[in-house]
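Asker: The lines below spell out each chain.
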Amino acid sequence: AQSVTQLGSHVSVSEGALVLLRCNYSSSVPPYLFWYVQYPNQGLQLLLKYTTGATLVKGINGFEAEFKKSETSFHLTKPSAHMSDAAEYFCAVSAAGGTSYGKLTFGQGTILTVHP
Amino acid sequence: KAGVTQTPRYLIKTRGQQVTLSCSPISGHRSVSWYQQTPGQGLQFLFEYFSETQRNKGNFPGRFSGRQFSNSRSEMNVSTLELGDSALYLCASSDSSGANVLTFGAGSRLTVL
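For the protein sequence lines, the chains are A and B, in the order given.
Counting in our numbering, the first sequence runs from 1 upward without gaps.
Counting in our numbering, the second sequence runs from 1001 upward without gaps.
Chain A extracted, bound-state conformation (with noise of 0.2 angstroms):
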């Protein structure tokens, strides 16, 4: 079984700020690792993703994540912070493996405020 804890329900940075939203998992096998971002009245996006490999991974819009497997956390961050990136983040767990077949198990979520 996995499970996702976010730290903070809300989080806000001044633009230009670092932002750092964090995210703690619970998987019982080895972990598939996901952050997607959503905007209002829309689906999720992926930001970016841990399979296997390197444990820093790289995502789009400049954010970036390392997978800690000793401290079972999948923080995101991003160096400066822009107005566009207001929104709710939500970190993800799967099984790793291929056998999760479509089931992620989801944070509840960081809405993220920048203010200018």
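Straight-line alpha carbon distances no greater than 30 angstroms define the calculated BS3-like cross-link-like pairs of lysine-lysine that follow:
1. B:Lys1057 to A:Lys49
2. B:Lys1001 to A:Lys49
3. B:Lys1057 to B:Lys1013
4. A:Lys68 to A:Lys49
5. A:Lys58 to A:Lys69
6. A:Lys58 to A:Lys68
7. B:Lys1057 to A:Lys69
8. B:Lys1001 to B:Lys1057
9. A:Lys58 to B:Lys1001
10. A:Lys49 to A:Lys69
Honestly, the hints are just simulated from the structure, not real lab data.
Position chain B against the provided structure of chain A, taking the given hints into account.
Answerer: Chain B only, in chain A's frame:
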């Protein structure tokens, strides 16, 4: 390449009615998954279809059902609607690589009165 298309985008039903939502996956994607998103419960997995077969399902009552056609298009049906079924229903498709990378549609927002 066209994305995942969901229809209708918005609909309003009354309690006791049934509803059918449609999803067209990305061309070449044979896996289609469905999720329910509500403010209280967040994103919850409903079921997944691959080659017209349900391979996985979440913990939802039998009022929620789905199917997939030979062209990979999928539909989900909710019968005997309840107020609590009001939600954004998201469809996602993926390729057969096994990496479980889902591409989501814009969703169908269902309101039950």
